[in-house]
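Participant: When you get a sec, could you build the whole thing from the sequences and use the hints?
Protein sequence lines correspond, in order, to chains A and B.
Every letter in the first sequence is one number past the one before it in this note's numbering, and letter 206, counting from 1, is 206.
Add 224 to the 1-based position in the second sequence for this note's numbering, that's all there is to it.
Hints were generated in silico from the structure; no laboratory data involved.
Please note that a few of the clues may not be correct.
[Claimed, not checked] In silico negatives: residues of chain B with every beta carbon more than 10 Å from chain A:
1. 266
2. 356
3. 712
[To be verified] Computed Cβ-Cβ distance ranges for the label pairs, DEER-style:
4. A:42 <-> B:716: 20 to 30 Å
5. A:3 <-> B:784: 44 to 54 Å
6. B:250 <-> A:86: 54 to 64 Å
Here the structure is a predicted model, which means the values were calculated and not measured.
Built from N, CA and C at the ideal position, the CB exists for glycine as well.
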Amino acid sequence: METLLIQASSYAASIDGLILLVLVLTGFWFVLAEGVFFWLIWRFRAKPGIRSQYITGKEKHLKRWITIPHALVLVCDVFIIIGAVRVWYDVKQHLPQPDYTVRVIGQQWAWVFQHPGSDGDLDTADDIYTTDDLFVENDKTYHFQLTSRDVLHDFSVPVFRIKQDAIPGRTITGWFHPIRTGTHDIQCAEICGIGHGVMAGRIHVQSASEHAAWIAEHSPASAQ
Amino acid sequence: MAHVATAEAHAEHDAHHHGPQGILKYIWSTDHKMIAMQYLFTGMFMGLIGGLMAYVFRMQLAFPGLPVPGFGLVSPGEYNALVTNHGTIMIFWVAMPVLIAAFGNFLIPLMIGADDMVFPRINRLSYQIFFISAVVILLSLVVEGGGFGGAWTAYPPLSAESQYNLTRLGASLWVLAVALEFVAFLLGGINFITTLMNSRAPGMKAYDIPLVCWMIVIASILFMLSVGPLIAGAVMLFFDQTLGTGFYDPTRGGDPILWQHLFWFFGHPEVYVVLLPAIGIVIEIVATFARKKLFGYKIMLFTAVATGVLSFFVWAHHQFIAGIDPRMANVFTVTTLLISVPIAELLFVIIATLYGGSIRLTTPMLWALAFVAEFLIGGVTGIFLGASGSDVYLHDTYFVLAHFHYTFFPIAIIGTFAAITFWFPKMFGRMMNETLGKIHFWGTIIPFNMIFIPLFVLGLGGQHRRIYNFQNFPELAAMQPIRVLATLSLVVMLLFQIPFFVNFVRSLRRGEKAGRNPWHSNTLEWTTESPPPHGNWPPDQMPVVYRGPYEYAHPDREEDYWPQNLPA
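Facilitator: Here is the structure:
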């Protein structure tokens with residue numbers, strides 16, 4: 001996964017780990033089932049003079065061929081469920097204490113971001129508003145308050161592995177914790193009309209000093 | 225019971241026989257076989273349109289901004305309308321009419337030894353409404369403002385308000401067409417269920433019914449139980465669009481998420497509505513060409529029922545990240561992963577049936593085996609999405625898209641070709657050409673995998689769906705060669721449909737005469753003439769059933785098959 005797309009948030013590695021777990025377990029079943037399947041096709045190909053066997057599948061020793069794999073699939077499911085619930089709890093259900101909170105507003109067809117200014121609090125006079133570019137500080141825990149002005153949108157940052165629908169009339173709070181600096185894509189992941197394909201944002205994860213400089217430079221004049 | 229239904233159907237047939245002739249025959253026929261053909265050809269025509277739509281938007285993705293040969297420049301609005309209607313048409317106007325309506329209509333009366341459906345006129349009405357719905361969905365593409373472009377899931381507020389979707393007429397016609405299509409299938413479903421219950425040949429007990437008939441009937445029951453909430457939802461959506469009500473408008477007390485629950489409460493069972501008939505088709509073909517009794521008839525039947533029941537409790541896995549209470553995701557993760565057990569079992573039973581067989585790789589058998597091999601990929605990739613923790617990342621990416629094409633393509637395309645190549649001799653009385661059939665098979669299966677395996681990679685790389693030009697996203701731009709590969713594979717696959725059409729048309733006239741039972745199969749449809757006459761059998765020769773449908777290679781019999789209607 002890391003080779004396809006870098007892991008830039010604290011929980012990216014655990015989501016990728018879960019994907020890997022599912023890959024290993026389902027991969028085992030997949031290879032086994034396809035292997036047996038193709039072997040049977042080859043082994044029991046029609047040969048002149050050889051008649052097929054009459055097997056009803058009713059006998060206990062034959063039914064085992066279905067019931068044992070059946071039970072094993074269930075065991076694999078339990079492992080996957082445990083993994084999925086644990087990752088889900090960390091990413092979506094449990095909100096850690098934030099260092100900062102940003103507001104993310106989707107609209108046709110742009111992202112509006114409201115950053116806390118130098119006072120670190122949202123909804124104060126020194127808030128910084130931007131369109132399509134979100135600036136955050138590396139290694140800090142962020143809450144995002146997500147909403148929409150018109151239709152459904154979806155705030156997705158693939159390098160963070162995070163995704164959440166934005167719904168008009170509701171504010172949904174989520175979190176992320178960037179672990180490396182850099183600039184990455186924000187995609188709108190829910191079709192939102194003809195401009196859906198151009199609703200491309202960028203997230204700029206900055207070091208502490210870069211971020212402080214950015215805030216100082218962009219603080220609204222009224223607050224200074 | 226069976227005799228009453230038979231007598232009524234006879235009266236119907238006599239009226240019909242002296243009734244409409246010539247072209248009118250095709251509009252007013254109540255013969256289940258004619259209605260099956262109407263559904264089949266309408267479905268194939270719509271499939272062609274759906275496939276060409278995929279060609280246009282895949283070309284746009286591979287070569288963004290360049291005119292698509294045969295279409296021209298693709299605007300973002302057109303792109304959205306194409307992906308939306310590709311999905312809608314392939315599910316509602318291809319998979320359902322072909323798998324359920326066409327083969328349900330053709331096979332159920334023939335396989336249970338009835339002379340027609342119980343309600344032939346309702347059957348005719350079903351097709352006529354379906355035909356109108358097909359006209360409406362095609363019309364919606366060319367009205368002022370263009371076709372609806374809010375995805376086949378039609379989430380409001382985008383779908384509900386024309387100020388957002390910019391396709392006032394297209395969106396309303398889209399809802400109308402889907403609603404009409406549901407009416408058609410409710411009528412058809414009533415018929416399938418009643419006919420199977422009441423019109424079986426004397427001697428045919430519940431476990432003597434060929435499984436494909438059971439599967440179509442279970443699918444019809446699932447459809448009828450799940451579609452109600454969606455029809456209510458569609459009426460509210462239509463009112464929001466046309467009367468300005470606010471059922472889904474949060475500024476007026478509505479809730480957009482309500483639609484998602486109603487839609488997916490239907491939408492997930494819908495997957496099994498089309499899956500079960502395809503599995504049924506595969507069972508019939510595998511038993512015939514492996515010359516094997518099915519491994520566990522009852523296991524298969526009750527597993528299918530269990531799958532259907534479970535499918536009503538998984539819908540919110542489509543909504544993990546849609547703003548539902550996060551605690552709910554845990555419940556739906558459990559139910560979703562549990563459904564992997566019966567699905568795995570259905571496939572295990574088919575695979576186990578091959579053991580000890582004498583397998584003949586005819587064209588229909590190749591399609592049936594390909595269904596198993598490919599559907600397995602669709603099955604295992606579903607686990608990634610059913611697990612809430614990994615769905616956070618994969619939701620709405622191309623991984624989802626590749627996953628459900630690995631389920632729907634085997635169901636709707638592989639299942640259909642399996643059924644057509646298998647029952648073509650019965651439908652038209654002539655054999656299809658095996659060489660052309662195999663060229664078509666390999667020319668479809670290989671490019672199919674080369675389209676969708678790359679899309680798994682794109683999805684894992686973070687590429688989301690329904691975006692008309694990925695050049696706007698720096699992280700995604702580098703994966704362009706993968707998109708080109710997928711698109712070129714699609715073009716190859718579409719070109720390889722030509723051998724099929726050539727084979728189909730040529731075999732209609734010049735194929736070898738099939739006779740009654742070219743595959744040496746057991747079920748009742750093979751005991752009558754090919755193609756079957758009106759009433760399916762002469763009235764004094766209606767079949768009587770003595771045994772189950774899969775008695776191949778029985779030790780008490782010299783031949784390796786034992787038709788259901790032969791006395792012991």
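Participant: Where does the structure disagree with the numbered hints, that is, which hint numbers, in rising order?
Facilitator: Every hint satisfied by this model.
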